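Colleague: Below, each chain spelled out in residue letters.
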Amino acid sequence: MLEVKNLHKVYDGHGRRVTAVGDLTFSVPEGQFACVVGPSGCGKTTLLRVLAGLLPATSGEVLVQRTPVTAPPPGLAVVFQEYGRSLFPWLRVRENVELPLKAQGMARSDRGALAAEALAAVGLSDAHGAYPWQLSGGMQQRVAIARAIAYQPRVLLMDEPFAAVDAQTRADLEDLVRSVWQRFGVTLLFVTHDIDEAVYLGQRVIVLSASPTTVAQDLTIDLPAERDQLTTRSDARFTELRGQVYAQIQKVKAPA
Amino acid sequence: MLEVKNLHKVYDGHGRRVTAVGDLTFSVPEGQFACVVGPSGCGKTTLLRVLAGLLPATSGEVLVQRTPVTAPPPGLAVVFQEYGRSLFPWLRVRENVELPLKAQGMARSDRGALAAEALAAVGLSDAHGAYPWQLSGGMQQRVAIARAIAYQPRVLLMDEPFAAVDAQTRADLEDLVRSVWQRFGVTLLFVTHDIDEAVYLGQRVIVLSASPTTVAQDLTIDLPAERDQLTTRSDARFTELRGQVYAQIQKVKAPA
Amino acid sequence: MRLVSRVLLLIGLPVVLLATWWFGSAGSEDFYRPSLSSIMDAFVRTWTWDMFVQQVFPSLWRLLVGYVIAVALGVALGGLIGTYRSVRSLLEPVLEFLRAFPPPVLVPAAILLSGIGDRTKILVIVFGCVWPVLLNTIEGVRGRDEVLSDTCRSYGITGTLRLRHLVLRAASPQIMTGARQALPLAIILMVISEMMAANDGLGFTVLQFQRGFQIPEMWSGVLLLGVIGIVLSLLFRLAERSLLGWYHGQRAGQREW
Amino acid sequence: MVAVAARTSRVTGRRFRSVTLGALGLFGFALALEIAPRVGVVPIDFAPPTSQILVSLGELVGEASFWTALVDTLRTWALGLCIALVAGVVIGVLLGSLPFVRAATATTIEFLRPIPSVALIPLVIVLYGPTVKSTLVLVVYAAFWQVLIQVVHGVADVDPVARDTALAFRLSPWARVRYVVWPTSLPYVITGFRLAASVALILTITGELVIGSPGIGKEIDNAQQSNAVRTVYALIVVTGILGVLANLLTRFVERRVLSWHPSTRGEEVTPA
Amino acid sequence: ACGDSSDDTPAAGGAAAPDKVNAGVIAILDVAPIYLGKEKGFFSKRNIDLTLTTAQGGAAIVPAVLSGEYQFGFSNAVSLLLGKSNNAPLKVVCNGNNSTGVDDDFAGLYVKPDSGIASPKDLVGKTVAANTLKNIVDTSVRASVKKDGGDPSQVKFTELPFPEQVGALQAGRVDAIFVVEPFQQAALAAGMKKIASSYVDAAPNLTVAMYFTSTKLIGENPDLVKRFTEAMKESLAYADSHGDEVRDIIGTYTKIEEPVRAKMTLPKWPSEINTASIDALAQAAVTDGLLTQKPDVAGLLP
Ligand SMILES: Nc1ncnc2c1ncn2[C@@H]1O[C@H](COP(=O)(O)OP(=O)(O)OP(=O)(O)O)[C@@H](O)[C@H]1O
Ligand SMILES: Nc1ncnc2c1ncn2[C@@H]1O[C@H](COP(=O)(O)OP(=O)(O)OP(=O)(O)O)[C@@H](O)[C@H]1O
Ligand SMILES: [Mg+2]
Ligand SMILES: [Mg+2]
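Chains X, Z, A, B and H supply the protein sequences, listed in that same order.
Quick note: the first sequence uses the numbering used here, first residue 1, plus one each step.
Quick note: the second sequence uses the numbering used here, first residue 1, plus one each step.
Quick note: the third sequence uses the numbering used here, first residue 1, plus one each step.
Quick note: the fourth sequence uses the numbering used here, first residue 1, plus one each step.
Quick note: the fifth sequence uses the numbering used here, first residue 1, plus one each step.
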């Protein structure tokens with residue numbers, strides 16, 4: 001359960017003052033899968049960082065699980081846009097995935113099993129003993145995803161998590177995230193630039209306007225819960241929704 | 001003009017030995033726009049780094065402008081996949097773009113004009129005075145693109161340069177790259193995960209197999225030279241080519 | 001072949017320098033600058049096994065203890081100061097104040113506090129070589145990547161786990177720089193501490209030679225200090241290689257042609 | 001306008017807080033040293049309480065000879081530090097960027113580094129006499145290594161992607177040093193400077209003390225020989241104050257030249 | 001300036017520029033005569049422009065004299081003997097200072113009053129602080145123990161600078177200390193008990209320290225050495241008979257406070273070296289194992 005009320009965020013420093021988020025209000029009910037799209041630099045990452053308790057809002061309020069966020073809330077996982085830098089270069093892939101579990105005090109064997117499972121799910125069973133900097137960009141990004149999944153969060157924030165992987169892997173990962181979401185009832189906020197992906201994945205797509213950011217459109221995706229790369233994407237309703245989002249994006253982009 | 005002959009590259013160290021590139025042979029004639037697609041971790045970045053003279057091949061030969069590569073060849077620019085880390089955090093955006101020009105000994109006013117033009121082309125005129133770490137992911141990536149364009153290279157290597165930007169910006173940048181290519185007759189090797197993008201942009205799409213990497217398919221894109229986001233993408237030939245590439249990708253992915 | 005060239009690289013310059021010294025100083029009449037050959041004679045004559053047991057080993061023991069304490073203290077304190085801005089504000093002036101104290105004037109205070117035994121000497125070593133470790137740790141901790149810090153915070157990685165896996169690891173390249181700086185400093189301080197109030201040790205012996213006008217013997221002691229420096233730095237490099245494997249791997253990549 | 005004012009006040013507020021805390025730390029330290037001899041933790045005759053030291057300091061400040069000594073010490077210190085810094089940075093960058101040279105000189109450096117400056121005193125006196133020059137040589141010798149090692153390690157810290165970028169765009173070696181290597185190693189250089197500053201100060205004092213070149217160190221020796229305990233401590237306090245001032249200066253420089261660095265940007269940190 | 005220089009007449013070549021002379025001394029009361037002599041003009045009237053530089057000890061002074069930076073230096077007798085036996089090219093030019101020869105000396109061996117050590121022979125098995133080891137202090141203290149009937153080889157010495165000694169004795173870190181003025185006053189003020197005047201025990205009217213130069217200077221400029229020696233002798237004689245002026249001049253180059261200066265016992269400053277005492281020191285150095293064979297005392301002394 002996420003609530004954002006009149007969020008306003010200004011960055012100020014080093015001779016630059018930017019209103020990253022103008023006035024943002026929306027809420028994501030428990031267990032919903034919401035996708036966020038919006039032009040580059042509109043404040044999506046900023047929003048996620050505020051929700052994760054990593055950045056104080058300039059004004060407005062943010063609640064996760066009904067608690068105002070002042071520090072990183074428990075049970076919340078983030079996949080950062082800067083996936084490469086979010087992996088610990090001194091830990092091997094497996095250790096990177098296990099570290100948050102270790103912090104929770106999980107037994108060694110349990111977290112070993114969870115990590116192995118998560119790495120297998122993202123197709124990286126082979127690479128568990130490598131250091132992150134020995135991996136390709138897409139592989140690093142998948143390690144970050146595996147870490148979030150293995151953590152079994154109640155709330156999952158993902159910032160363009162599939163930007164660096166190829167089309168086929170991307171499709172697989174999309175289905176993986178949906179199945180994780182369905183299985184554990186996670187509340188999911190998913191930032192993406194791919195409109196098809198947003199419509200395919202979510203129950204709802206939130207379109208943000210360009211800076212100063214507000215909600216330009218809040219669209220419910222009324223596609224059936226059972227989705228499938230081939231049939232869903234060729235669904236007429238899918239094409240229609242996707243067209244709506246596309247039109248909206250072009251509208252918000254125009255004035256900037 | 002790029003030539004890759006029997007390229008073979010093995011990474012070996014820290015308890016891990018990976019054959020990143022198995023046996024790769026192809027050549028890109030002067031002034032061609034070639035796109036490379038392939039599964040995550042198949043060695044695309046490795047290939048680019050060898051071409052750029054940043055990494056020695058284990059065996060085989062690589063030529064740029066008919067000269068064997070042993071050091072970074074002149075007139076070659078790279079947009080790195082790790083765009084964030086390829087920008088210098090101690091330089092402002094404008095300075096980052098100007099630096100390679102300064103290194104060439106270009107006069108201050110000329111490079112100022114070129115940098116301003118390139119930043120305007122990627123939609124970042126406002127941000128020229130910011131530090132890279134004050135920018136969003138997509139903005140950083142666009143700075144890296146602007147730097148490569150302002151450099152006016154003879155050969156341009158781009159590693160997933162649009163991964164972090166939104167759909168609309170991406171379309172704009174695609175057209176920008178095509179126009180730069182047409183205007184200056186650059187030889188362009190463009191790595192992407194987006195099959196539509198590969199087909200839309202290039203004169204040719206090279207599909208790589210999964211590791212150990214070889215050329216799985218080399219497809220000439222016989223679409224008209226004048227391309228347009230709306231008409232080209234709805235062209236029947238476009239759909240057909242895109243289907244071919246997609247099928248090939250799924251084939252190379254399957255055994256892995 | 002690689003081994004041969006590495007060994008050549010390692011000893012090439014020293015051999016050239018020694019040869020220059022040897023021939024340059026041959027037949028020297030200068031009382032304080034004797035010929036290298038007479039220094040070598042003195043070296044063989046002086047540094048017998050007995051001498052090692054009586055003078056060198058006690059020194060090395062104090063050196064080791066002092067160095068280990070200094071590194072541990074520097075890392076612990078540095079982690080604390082680097083993490084909390086207010087702790088840094090509170091302690092920095094005092095530390096800078098203490099840091100400027102010359103060991104020779106410090107020895108008296110140390111004697112007052114802890115007598116004239118080994119403890120004083122170890123105290124002087126610790127006090128003198130904790131600074132590079134401390135300063136480097138502080139800077140290393142302060143300069144860590146923010147995305148990594150954010151990752152830790154959002155995954156609830158806190159406490160000792162955060163300390164071990166983020167704070168210290170991220171700072172470890174710089175901590176190692178500090179530890180490396182501290183190593184020769186420790187040797188220097190070992191000597192200084194033994195020059196002020198001691199009955200044994202390498203520094204004491206060198207000083208005795210100097211006071212007793214046994215100049216070749218004195219230089220042979222200085223040579224021995226240099227040799228100890230080389231040996232310790234080789235040991236240090238071994239330790240560093242295993243601790244910072246990831247770092248050198250990441251930094252060097254596969255670039256070398 | 002309002003925003004700018006608010007920002008300035010926040011920054012000055014933070015700085016004010018840090019200065020207050022720093023003063024508090026020093027005050028607490030002084031207080032501890034006032035109380036310790038008074039309650040008999042250390043003998044009061046040989047470790048005078050802070051107040052007595054300050055009284056002696058007050059007397060010293062009134063003497064012209066003290067100020068001449070101070071100026072002498074400052075001159076040797078500053079000169080030695082400058083030479084060490086420039087030499088350390090230049091040679092450090094060279095060694096750091098040329099692996100072959102670095103490997104070839106490694107043994108020699110490791111041999112020379114642990115040789116204590118004090119052991120070199122007879123040599124420098126033979127060479128330069130018991131003058132400021134001798135002290136200066138000792139100062140440079142000791143401070144140089146501090147800078148050198150920091151710079152060599154700083155040069156090795158260049159981010160591989162940044163380095164590749166510079167190579168790919170064919171930045172000349174000089175441009176690479178100027179725009180990539182130097183900014184990366186700057187935090188290391190600053191730490192090196194801070195270390196060198198105190199080492200140089202220490203050797204200035206020690207050199208003056210042992211060799212007898214004019215300065216605070218000589219005053220300390222004189223006071224020691226005369227059993228003027230309080231004067232000795234007052235002079236030591238002076239060196240401590242010099243150390244604190246040197247640090248203030250470095251912090252000031254650091255805030256200017258490292259504004260881009262994660263350690264100094266730190267603008268948007270959650271209060272938690 | 002090779003003119004003959006009879007006693008008390010200013011150098012004949014007065015027109016010539018005075019010889020610049022640097023002398024290295026230690027900032028202690030022993031060297032008061034040279035300061036006093038400089039002030040009284042004993043050096044300038046012999047056409048010597050004297051500059052005095054203080055250093056912590058022989059570590060700086062001896063190399064400076066041998067390298068020619070200083071023309072003359074001040075050093076204790078045992079150090080000079082050690083130098084001579086290692087063929088250091090130095091030679092004594094003049095006496096420095098002597099013990100008073102009576103129990104009230106300018107240096108003494110002190111113990112804590114409640115330590116149970118009544119006389120030097122009780123130091124057997126105990127630890128004594130010396131400002132430098134293997135030098136004049138331990139040699140003299142051994143002499144005291146021997147004279148008192150104890151076995152000097154059973155006394156342990158530990159090195160501790162003078163300023164630290166009283167504190168260390170009070171804190172019980174050592175059993176006895178040997179201090180010179182002004183630390184002797186500090187020891188007395190702290191209530192410590194004197195058990196011997198070791199310089200007195202070492203030899204009658206012991207010559208503690210002397211002024212020296214390099215053999216090179218003697219070869220190159222014997223006249224200068226001669227003039228310096230003369231001036232020095234005059235200074236010594238003057239100092240020996242003008243105690244009050246000495247106490248005043250000490251205040252100019254040390255930081256010893258006025259009340260302490262008034263109370264201190266001053267050393268003796270005879271103009272001639274007590275050769276017998278140097279010989280005794282040389283003998284003791286061999287006995288105590290500082291040297292393997294007796295140095296050429298005659299070659300060292302003028
Ligand atoms: N640390 C920072 N300091 C100053 N300004 C910042 C900082 N981070 C982001 N900004 C600014 O805030 C605005 C929003 O950035 P944000 O990263 O939230 O965008 P985004 O929506 O994630 O964009 P993208 O899709 O390109 O990643 C941008 O204009 C950016 O320049
Ligand atoms: N520095 C390195 N050290 C060791 N192995 C490496 C290194 N860089 C890449 N590899 C390995 O080489 C293989 C190819 O990597 P590369 O980065 O070229 O892939 P890629 O095609 O660019 O993938 P992506 O699309 O995910 O970026 C991978 O298996 C990777 O783990
Ligand atoms: Mg973003
Ligand atoms: Mg790649």
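These are calculated hints, taken from the structure and not from any lab test.
Fair warning: there could be bad hints in the mix.
[What the hints assert, rightly or not] Within a straight-line C-alpha distance of at most 25 Å, the following computed DMTMM-like cross-link-like pairs (lysine to aspartate or glutamate) qualify:
hint	chain 1	residue 1	chain 2	residue 2
1	B	133	H	49
2	H	194	B	45
3	B	133	H	19
4	H	255	B	34
5	Z	102	B	45
6	X	251	Z	175
7	H	45	H	296
8	X	102	A	146
9	H	226	H	240
10	X	251	Z	95
11	H	193	B	34
12	H	126	A	29
13	H	294	A	41
Computed from a predicted model, the values in this text were never measured in an experiment.
Colleague: With reference to the structure, classify each hint as holding or not holding.
Modeller: Hint-by-hint comparison with the structure:
no. : hint             : verdict
1   : B:133 with H:49  : holds, 23 Å
2   : H:194 with B:45  : holds, 20 Å
3   : B:133 with H:19  : holds, 23 Å
4   : H:255 with B:34  : holds, 24 Å
5   : Z:102 with B:45  : violated, 67 Å
6   : X:251 with Z:175 : holds, 19 Å
7   : H:45 with H:296  : violated, 34 Å
8   : X:102 with A:146 : holds, 21 Å
9   : H:226 with H:240 : holds, 21 Å
10  : X:251 with Z:95  : violated, 33 Å
11  : H:193 with B:34  : violated, 30 Å
12  : H:126 with A:29  : violated, 43 Å
13  : H:294 with A:41  : holds, 23 Å
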